[in-house]
Amino acid sequence: MEFSPNIVGFACQWCTYAGADLAGNLRCKYPSTVKLIKVPCSGRVEPEYVMQALARGADGVFVGGCHFGDCHYKTGNYKTSRRMMLLTKLLSDMGIAKDRFRLEWISGAEGKKFAETITEYTEQVKKIGPNLFKGGK
Amino acid sequence: MAKVGVYVCHCGSNIAGVVDVAAVREYAETLPDVVVSREYLFMCSDPGQELIRKDIKDGLVDRVVVAACTPRTHEPIFRKALESAGLNKYFFEMANIRDQDSWVHGDDHAGATRKAKQLVASAVAKAANLEALEDTYVDVTQAAMVVGGGVAGIFAALDLANMGHKVYLVEKEPSIGGVMAQLDKTFPTNDCSACILTPIMVEVGTHPNIEMLTYAEVEDVDGYIGNFKVKVRKKQTYVDWTKCTGCGACAEACPAKVPDSFNCGMNDRGAAYIHFPQAVPKKAVVDMKHCLNCAGHKIGQEPRISKKTGEPMLAPCEKACAADAINRSLPWNPEGELIEIEVGTVVLATGYRVMEKEHFKEYAPDSPNVLTALQMERLISATGPTGGKLLRPSDGKKPKVLDFISCVGSRDIRHHTYCSRVCCMYMIKQARLLMEKYPDLEIYMHFIDVRTPGKDFDEYYTHAAEMGIHFIKGKPGGIEMLPDDRLRVLGYDSAMGENIEVDADLVILATAIELPEDAQKLAQKFSMTMDGSGFFKELHPKLKPVDTPIEGVFLAGCCQGPKDIPDTVAQAKAAAASAAIPLAQKRVKIEPILSEVYPEKCSGCGICVPLCPYNAISLKPYADRPRAVIDMTQCKGCGVCASACPSGAIILHGYTDDQIYSQIAALTQSA
Ligand SMILES: Cc1cc2nc3c(=O)[nH]c(=O)nc-3n(C[C@H](O)[C@H](O)[C@H](O)COP(=O)(O)OP(=O)(O)OC[C@H]3O[C@@H](n4cnc5c(N)ncnc54)[C@H](O)[C@@H]3O)c2cc1C
Ligand code: FES
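So the sequence lines, in the order shown, correspond to chains V and W. Using the numbering used here, you'd call the opening residue of the first sequence number 3 and step up by one each time. Using the numbering used here, you'd call the opening residue of the second sequence number 7 and step up by one each time.
Just chain V, with the same shape it has in the complex (with noise of 0.2 angstroms):
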């Protein structure tokens, strides 16, 4: 069977997972694999959910926030910014794939930018193949 990767994504409400609830509104098509958690905004998104999802197999995780200045509480996706780019450092280091991890800007308005961005990221997941790992709380 093909592999088919599971992603754990983590939403902004008010930018990228509007832009998802749009991609349906207008039929945009993207692969299934990726199942979002919603959160206020991209700066609740925590590291380490990203570590733990990666640590209990997930083959790939994606967060999505709006556009610098859109933020709708001002500075939340600057923080994502800094705190993701420290992330990506320390899964090179441990020797995860990097490109496992995805960060996007969606705004609420960017339906077809959603789906085109799932498909290609899935794609490049799918290059790595699956996680092996499978530990975590």
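Source of the hints: derived by calculation from the structure; they are not laboratory data. Remember, predicted model here, so these are calculated numbers, not experimental data. Here a beta-carbon is modelled for each residue, glycine too, at the ideal position from N, C-alpha and C. Hints are supplied without guarantee of correctness; some may be wrong.
One-sided and incomplete, this derived list gives chain V residues near chain W with beta-carbon spacing under 7 angstroms [to be verified]:
(1) Tyr32
(2) Val41
(3) Gly45
(4) Tyr75
(5) Lys76
(6) Thr77
(7) Gly78
With a cut-off of at most 30 angstroms between alpha-carbon atoms, the simulated DSS-like pairs for lysine-lysine come out as follows [as the list claims (entries may be wrong)]:
(8) W:Lys569 <-> V:Lys115
(9) V:Lys76 <-> W:Lys240
(10) W:Lys550 <-> V:Lys114
(11) W:Lys241 <-> W:Lys178
(12) W:Lys95 <-> V:Lys76
(13) V:Lys114 <-> W:Lys527
(14) V:Lys76 <-> W:Lys527
(15) V:Lys31 <-> W:Lys550
(16) V:Lys76 <-> W:Lys548
(17) V:Lys76 <-> W:Lys237
(18) V:Lys76 <-> W:Lys550
(19) V:Lys114 <-> W:Lys569
(20) V:Lys76 <-> W:Lys235
(21) W:Lys367 <-> W:Lys527
(22) W:Lys531 <-> V:Lys115
(23) W:Lys626 <-> W:Lys607
(24) W:Lys191 <-> W:Lys443
(25) W:Lys548 <-> V:Lys115
(26) W:Lys314 <-> W:Lys304
What the simulated footprint calls covered on chain W by chain V, stretch by stretch (three residues with Cβ under 8 angstroms from a Cβ of chain V suffice, anywhere in the stretch; the number is not a length) [claimed, not checked]:
(27) 76-83
(28) 96-107
(29) 111-120
(30) 533-540
(31) 664-674
Please arrange chain W with the ligands on chain V, whose structure you already have, making use of the hints.
Chain W with the ligands in isolation, oriented as in the chain V frame:
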């Protein structure tokens, strides 16, 4: 142990046509904490909600998961159902198996079903970890603000004021009126714009409940529904408006030459000027950027003394002002005045701008005889640069052949893909008005197609055709400049299937309606989102057409999308009615999705303090050391602090670590 009930919705065939609903329901039964799992055709219908209410009342379930459309529209509906059955409404979680599943995986039924199961597992895991929360209520400040004083803002302000509410109307120009004040006559009835608008502007200006803040802009916004704190900057006018009578003597005396924006740059005004003759308020402004400092009398300095006469040398504007409203010697603050206003609700009505012709290199923008349609409005208006006479800008002579081009910048992937909605009608209007006044004119109009879907609109168009105006279907590829400042429009007539060239004296471009750049800044201040076309986005295109993601902020007029005056007024009145609801309710609910510090765990490190975008966190002494405290009235629930706290002492209710980790665990279990 939590008793979770799972309710899977078919949404007619929207979900059930793709997802195997029965399989999802059966799978849910196997999940920990789930005591009952049901499916129904429309969970949000009354019988659907009744299934939930009954299970709660029977004591069967104490946590509810609905797998259906999206929480963005339906969470409030189901929360109400919980509440009416006597269960805390925050014991609810939704799995998005329509918008984010069946609608996007229509060609992968197995994948969609697997994903639905995982999403349900995730929601169940979270539901089992939910906590009871209580709404709080705050009093609503009994006032509203309307930003933008075009026809939309005018009607929104008037309706709110007539309902008895105090209204602050903020307008960035010296006068209210907006684009409608620039129009000559208005379709489809051809009544004169000034004649219908001016009396209403006066009504706004004299209304006891309306405080006009013109030549003013919003600088900063704080707070939330019921209690917005808006900082408004009243720009410096350099004229004492309490004394100015609006006589216009200063404007006549001023020798500076500044392109007159009200007349779309077709003539000059002084640096001292009155926005337009029917301005409300009718007050002068000295535009210091263009002031020549006549007689060497700079603002804030004592005048020089004439060697000849021994008298102080005053600038012409000062001398001309009989009311003593212009005194350049005073220490005017160039920053104007910053005032803070508290309001309960806000209506944004900041309108639009038309694209300038410079964007369209193919249409000879350098020719003075190529005009935008808004310039044409001014050219034919009795208050315009020529007093309403149709004269060619290049030589001041009367043109014989006119050519209109539609969809310039609209319905064009190089600029805007949307239709600007009003252009077909105003082009026909201008052509008709001109034909009535100058029957010997020859008028051509190029359309991609004519769109006239309004009340009495198509009759308006048919009549124009009967008047002998030439309609040509096909968009011109370009314009050539001919000698004598004439123009050759290189068109295509799709009815004849051949090229057509029109040699014209004047060409009018119906340029697209778009938002100005400063709209983006305003959007950020109010946390508005923009739609794909770049306009302010309403909360729901059908059911919440004037609401926004920010509770208490509403939209009216062209800032929400291109529309004509009838639609603008209708929307303004809708926005006013919606903005009045919280004022009438007198108190509003604050959702408890907020952050809280557990002081026992807090180490007092203070990392969270500068992170909070709302300055809601401070360190306060608690037992032996200072610890973080969150001001609940300032917190908006983003959770940035909770994510940063190294001691895990801050929790964001509704999105706690436990809840999110349980979702991660559920999603990484194989389904
Ligand atoms: C050439 C032309 C002809 C037209 N002819 C007709 C017609 O015949 N009939 C018809 O029904 N419609 C016509 N229309 C459409 C009509 O102009 C609009 O429907 C109407 O003006 C929309 O009103 P509004 O209040 O939404 O926007 P606007 O008229 O743009 O008013 C917005 C106001 O907000 C102010 N503002 C903007 N930003 C800020 C800010 N940041 N802070 C404070 N204030 C701000 C502006 O200065 C302005 O006063 C025509 C349009 C064009 C371009
Ligand atoms: S709300 Fe979307 S990133 Fe902050």
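These are the hints, each one checked on the structure:
1. Tyr32: 6 angstroms, holds
2. Val41: 6 angstroms, holds
3. Gly45: 4 angstroms, holds
4. Tyr75: Nearest chain W Cβ about 4 angstroms off; hint holds.
5. Lys76: Holds - the Cβ of lysine 76 of chain V comes within 7 angstroms of chain W, reaching about 4 angstroms at its closest.
6. Thr77: 5 angstroms, holds
7. Gly78: Hint on glycine 78 of chain V: holds, closest Cβ of chain W at ~5 angstroms, below 7 angstroms.
8. W:Lys569 <-> V:Lys115: Roughly 28 angstroms between the alpha carbons, so the hint for lysine 569 of chain W and lysine 115 of chain V holds.
9. V:Lys76 <-> W:Lys240: 25 angstroms, holds
10. W:Lys550 <-> V:Lys114: OK: lysine 550 of chain W and lysine 114 of chain V at ~23 angstroms, within 30 angstroms.
11. W:Lys241 <-> W:Lys178: 9 angstroms, holds
12. W:Lys95 <-> V:Lys76: 29 angstroms, holds
13. V:Lys114 <-> W:Lys527: Holds, because 25 angstroms separates the two Cα atoms, which is no more than 30 angstroms.
14. V:Lys76 <-> W:Lys527: 12 angstroms, holds
15. V:Lys31 <-> W:Lys550: Distance of about 27 angstroms is within 30 angstroms: holds.
16. V:Lys76 <-> W:Lys548: Holds: lysine 76 of chain V and lysine 548 of chain W sit about 28 angstroms apart, inside 30 angstroms.
17. V:Lys76 <-> W:Lys237: Distance ~17 angstroms between lysine 76 of chain V and lysine 237 of chain W Cα, so the pair holds.
18. V:Lys76 <-> W:Lys550: 24 angstroms, holds
19. V:Lys114 <-> W:Lys569: 26 angstroms, holds
20. V:Lys76 <-> W:Lys235: 16 angstroms, holds
21. W:Lys367 <-> W:Lys527: Holds, because 29 angstroms separates the two Cα atoms, which is no more than 30 angstroms.
22. W:Lys531 <-> V:Lys115: 25 angstroms, holds
23. W:Lys626 <-> W:Lys607: Given that 30 angstroms is the threshold and the Cα spacing comes to 14 angstroms, the pair holds.
24. W:Lys191 <-> W:Lys443: This hinted pair holds, its Cα atoms lying about 13 angstroms apart.
25. W:Lys548 <-> V:Lys115: 23 angstroms, holds
26. W:Lys314 <-> W:Lys304: 20 angstroms, holds
27. 76-83: holds (count 3)
28. 96-107: Coverage by chain V holds here, the residue count being 5 at a Cβ distance below 8 angstroms.
29. 111-120: With 7 residues in contact (Cβ-Cβ under 8 angstroms with chain V), the coverage given for the region 111-120 of chain W holds.
30. 533-540: holds (count 5)
31. 664-674: The restraint on the region 664-674 of chain W holds, since 7 of its residues have a Cβ under 8 angstroms from chain V and three suffice.
Comparing the model with each earlier hint shows no violations; every hint is respected.
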